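Got chain A sorted already, so can you dock chain B onto it with the hints?
2 protein chains.
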Amino acid sequence: MAARKSGTPLHELSAAEIIEAVATGDTTCEAVARACLDRIAAREPHVQAWHYLNPEQVIAQARALDKSGKRGPLLGVPFGVKDIIDTCDMPTEYGSPIYVGHRPASDAACVALSRKAGGVLMGKTVTTEFANRHPGKTRNPLDPARTPGGSSSGSAASVADYMVPVALGTQITGSTIKPASFCGVFGYRPTYGDLRCAGVKEASGSLDTLGLYARSIEDISLYRDVLLGIEPEPIPSDVPVPKVGFCRTTLWHTVEPTTQKLLEDAAQRLARAGSRVEDVNLPPEFGGIPEAHRWISSFEFSRNFTWEIENYWGKISETLRNGRLKHGLSCTFDQYRRAREFAAHCRRQLRTAFDQHDVLLTAPVVGEAPIGLDDTGNSALCAIWTTVHVPVLTVPAFTGSNGLPIGAQLIGRGGDDRKLFANAHWIYRQLR
Amino acid sequence: MAARKSGTPLHELSAAEIIEAVATGDTTCEAVARACLDRIAAREPHVQAWHYLNPEQVIAQARALDKSGKRGPLLGVPFGVKDIIDTCDMPTEYGSPIYVGHRPASDAACVALSRKAGGVLMGKTVTTEFANRHPGKTRNPLDPARTPGGSSSGSAASVADYMVPVALGTQITGSTIKPASFCGVFGYRPTYGDLRCAGVKEASGSLDTLGLYARSIEDISLYRDVLLGIEPEPIPSDVPVPKVGFCRTTLWHTVEPTTQKLLEDAAQRLARAGSRVEDVNLPPEFGGIPEAHRWISSFEFSRNFTWEIENYWGKISETLRNGRLKHGLSCTFDQYRRAREFAAHCRRQLRTAFDQHDVLLTAPVVGEAPIGLDDTGNSALCAIWTTVHVPVLTVPAFTGSNGLPIGAQLIGRGGDDRKLFANAHWIYRQLR
Chain A
1389 MAARKSGTPL
1399 HELSAAEIIE
1409 AVATGDTTCE
1419 AVARACLDRI
1429 AAREPHVQAW
1439 HYLNPEQVIA
1449 QARALDKSGK
1459 RGPLLGVPFG
1469 VKDIIDTCDM
1479 PTEYGSPIYV
1489 GHRPASDAAC
1499 VALSRKAGGV
1509 LMGKTVTTEF
1519 ANRHPGKTRN
1529 PLDPARTPGG
1539 SSSGSAASVA
1549 DYMVPVALGT
1559 QITGSTIKPA
1569 SFCGVFGYRP
1579 TYGDLRCAGV
1589 KEASGSLDTL
1599 GLYARSIEDI
1609 SLYRDVLLGI
1619 EPEPIPSDVP
1629 VPKVGFCRTT
1639 LWHTVEPTTQ
1649 KLLEDAAQRL
1659 ARAGSRVEDV
1669 NLPPEFGGIP
1679 EAHRWISSFE
1689 FSRNFTWEIE
1699 NYWGKISETL
1709 RNGRLKHGLS
1719 CTFDQYRRAR
1729 EFAAHCRRQL
1739 RTAFDQHDVL
1749 LTAPVVGEAP
1759 IGLDDTGNSA
1769 LCAIWTTVHV
1779 PVLTVPAFTG
1789 SNGLPIGAQL
1799 IGRGGDDRKL
1809 FANAHWIYRQ
1819 LR
Chain B
1389 MAARKSGTPL
1399 HELSAAEIIE
1409 AVATGDTTCE
1419 AVARACLDRI
1429 AAREPHVQAW
1439 HYLNPEQVIA
1449 QARALDKSGK
1459 RGPLLGVPFG
1469 VKDIIDTCDM
1479 PTEYGSPIYV
1489 GHRPASDAAC
1499 VALSRKAGGV
1509 LMGKTVTTEF
1519 ANRHPGKTRN
1529 PLDPARTPGG
1539 SSSGSAASVA
1549 DYMVPVALGT
1559 QITGSTIKPA
1569 SFCGVFGYRP
1579 TYGDLRCAGV
1589 KEASGSLDTL
1599 GLYARSIEDI
1609 SLYRDVLLGI
1619 EPEPIPSDVP
1629 VPKVGFCRTT
1639 LWHTVEPTTQ
1649 KLLEDAAQRL
1659 ARAGSRVEDV
1669 NLPPEFGGIP
1679 EAHRWISSFE
1689 FSRNFTWEIE
1699 NYWGKISETL
1709 RNGRLKHGLS
1719 CTFDQYRRAR
1729 EFAAHCRRQL
1739 RTAFDQHDVL
1749 LTAPVVGEAP
1759 IGLDDTGNSA
1769 LCAIWTTVHV
1779 PVLTVPAFTG
1789 SNGLPIGAQL
1799 IGRGGDDRKL
1809 FANAHWIYRQ
1819 LR
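Heads up: the sequence lines are chains A and B, in that order. Here the first sequence is numbered in this note's numbering, starting from 1389 and rising by one per residue. Here the second sequence is numbered in this note's numbering, starting from 1389 and rising by one per residue.
Be aware that one or more of the hints could be misleading.
Copies of the same chain look alike in the list, so a pair counts if it works inside one copy or between any two.
To be verified - Restricting the straight-line Cα-Cα distance to at most 25 Å, the calculated cross-link-like pairs of lysine-lysine (BS3-like) are:
id : residue 1 : residue 2
1  : LYS1631   : LYS1649
2  : LYS1703   : LYS1504
3  : LYS1504   : LYS1458
4  : LYS1703   : LYS1458
5  : LYS1631   : LYS1807
6  : LYS1504   : LYS1714
7  : LYS1714   : LYS1458
8  : LYS1525   : LYS1703
9  : LYS1504   : LYS1455
If you are wondering where the hints come from, they were derived from the structure by calculation, not from laboratory data. Bear in mind the structure is a predicted one, so any value in this text is a computation, not a measurement.
Next up, chain A with everything else stripped away, as it sits in the complex (with noise of 0.2 Å):
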């Protein structure tokens, strides 16, 4: 395998070292490919993270790249794409045997932007059936026994184990922090409506949003900017210390102890390395959104999907016919419309927490991946920020009594998400 002058391998390096290796000449887009390439044939068998993989095709691409004197911010970068996200060249199947063979006609916006900067398409990570909870094969990269999340499992697994520096996936609960927190990455939801979703297979209109996964705060910054269509920018570092709210949420009670005791400690060790902490209670009505999401997803889930289930019941799951589907039809369009004002209402009373904080710390998840791969686990605590559509940012802070990773959930205010990337750098200095 390839290495550095550092002794890092390449596969190994973040997406800014390897846009700087190749940008010196220290190595090349081909080199970096490989690399990578050689880490999932080592470890794919045991992660099962990829659901396309061809070789030629990711080689093919670097030498054009390497040839062409390119230049874009995202130069070599090997990226991985979940497979509810279209790409014209390789397949497309959503995670549903309905879509056996199928080739979109076109990349996904996110995808072109990807490539336009240089990105190397590696192939199609694997996602639950359309983006639900019917889990793929994908395995915890950490232990084998343990879902990986979903629904973008074999993003955040592929990034985890280090076979591509940056991927993307989606978030309608909780599908890009929860792999996340399980795999031990960073992980990234953005402000709804930022990052253009044309091409995705959309779940839920009014809740979908890409999700970025990678091994560093900068990455994450970097690969936005991208997906914007922008230069980018460096995260500013020139910002006060700031101040956190703790935020236990009406669903503490559902956290295991040692996850509490995890994030009760990293809020008093913030507040020792000089933030100011404060608890903050979300008003009690926001005990209601996991209620709203879930009527709003399922409403709107169950309508985009018409096709499908019209033409091809039988090949739906069990998981997803007698969850989001069932519940779903039988939800009346009042109770949607009160569910989406309900949400609405949530969003401007959440405006004011932010008068008094720069972000919110909170928990991701309940505790470590569950053992088992037929359940991805809860996303309830990841479905209160998505709703009210608001950047989300999960850093690999803490380690369970199983020694594997949890993550800690910051949220910042709905458009400053660079704001949140600072600020989450400060935070995750001071737990790590």
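Just chain B now, kept in the frame of chain A:
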């Protein structure tokens, strides 16, 4: 051509009348489809509303429905679909030479919901290129020298010309309402987010909605319920006489004097008929909405079409390249974010307008359809309401100085679409 007892030719029936005639055995799905096909055969050379039409495919669908004994709230109703919307058994070319021969894997949600309800997909109607400004071949059925408006050109023209009773369009600026006004039919843009856009080629996700065309408010309401995936409900008939806000907007100076006079007279007629009609002045900052709309739509459009830009720049029209794309690629993220925040601010402000009024009366366009087919006309008067996400219904209330239709654009409170229909019913009865 087949005729009912009443003497009305089948192709002139409303959707509601077709459903009743089929349900009572008075006619068949096939007879209705054949009547519409005959009408198209006679008129299409002049109107050019259809991008794809295969009569055999239509007859086969209608026969299958007749044989199946299927029931459904749209049984036997022929519907047209703007060619920006995916269909699994007909080409979908998005008004662009890039997509010649493209055949999506599945139906868009709105198409699948229409078929599930028993509708007969007639074919794909002409759209401007990617639902932007570069026109297709369609002519105004009332005067072939004039534009039908855009971007949902073929859908508006086909309903106006009695080729189909209902058709699907979309709206990003004025793409549904403007053609409805120019062609003299009812056009409806729903509350943003209510009707699923899965399978519709995304132009600008923060603004995109479906749009519906019909020749009666009842049909608009019926088709909306079908697309919501709910049991249709009648329009409430027991609503009090609506309090009407007459809203000239900050763009009143752009409205032609004849159109101004028609609207002023209408306001007086509604007052004489018993409505409390008052002038509504939008907050002065609403003058900034058209510019905010341009930033939002251009920024998102220019990211969404990255794949087409990177791979098929030469196949994109000059209109689009030098218009929305150039504008969008020059837009910074901060400009975009500020525009989105401003739009959200205006949405909150507008809520108070509906404390005093049930419905706003406005001009949808500056006047009759302009002469010429190279430009689809001015959409600025629609863009205001599109940006603030409220439901809009234009009713063919007026006739301009050239004998061509002009609509009355009626605005409801966000989420109160059914009440808007009820109020529009009363208003239309007074004005027709």
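Hint check results:
no.: 1; hint: LYS1631 x LYS1649; verdict: within (21 Å within a copy, 58 Å between copies)
no.: 2; hint: LYS1703 x LYS1504; verdict: between (36 Å within a copy, 18 Å between copies)
no.: 3; hint: LYS1504 x LYS1458; verdict: within (10 Å within a copy, 49 Å between copies)
no.: 4; hint: LYS1703 x LYS1458; verdict: between (44 Å within a copy, 23 Å between copies)
no.: 5; hint: LYS1631 x LYS1807; verdict: within (12 Å within a copy, 46 Å between copies)
no.: 6; hint: LYS1504 x LYS1714; verdict: between (41 Å within a copy, 17 Å between copies)
no.: 7; hint: LYS1714 x LYS1458; verdict: between (50 Å within a copy, 22 Å between copies)
no.: 8; hint: LYS1525 x LYS1703; verdict: within (17 Å within a copy, 41 Å between copies)
no.: 9; hint: LYS1504 x LYS1455; verdict: within (15 Å within a copy, 52 Å between copies)
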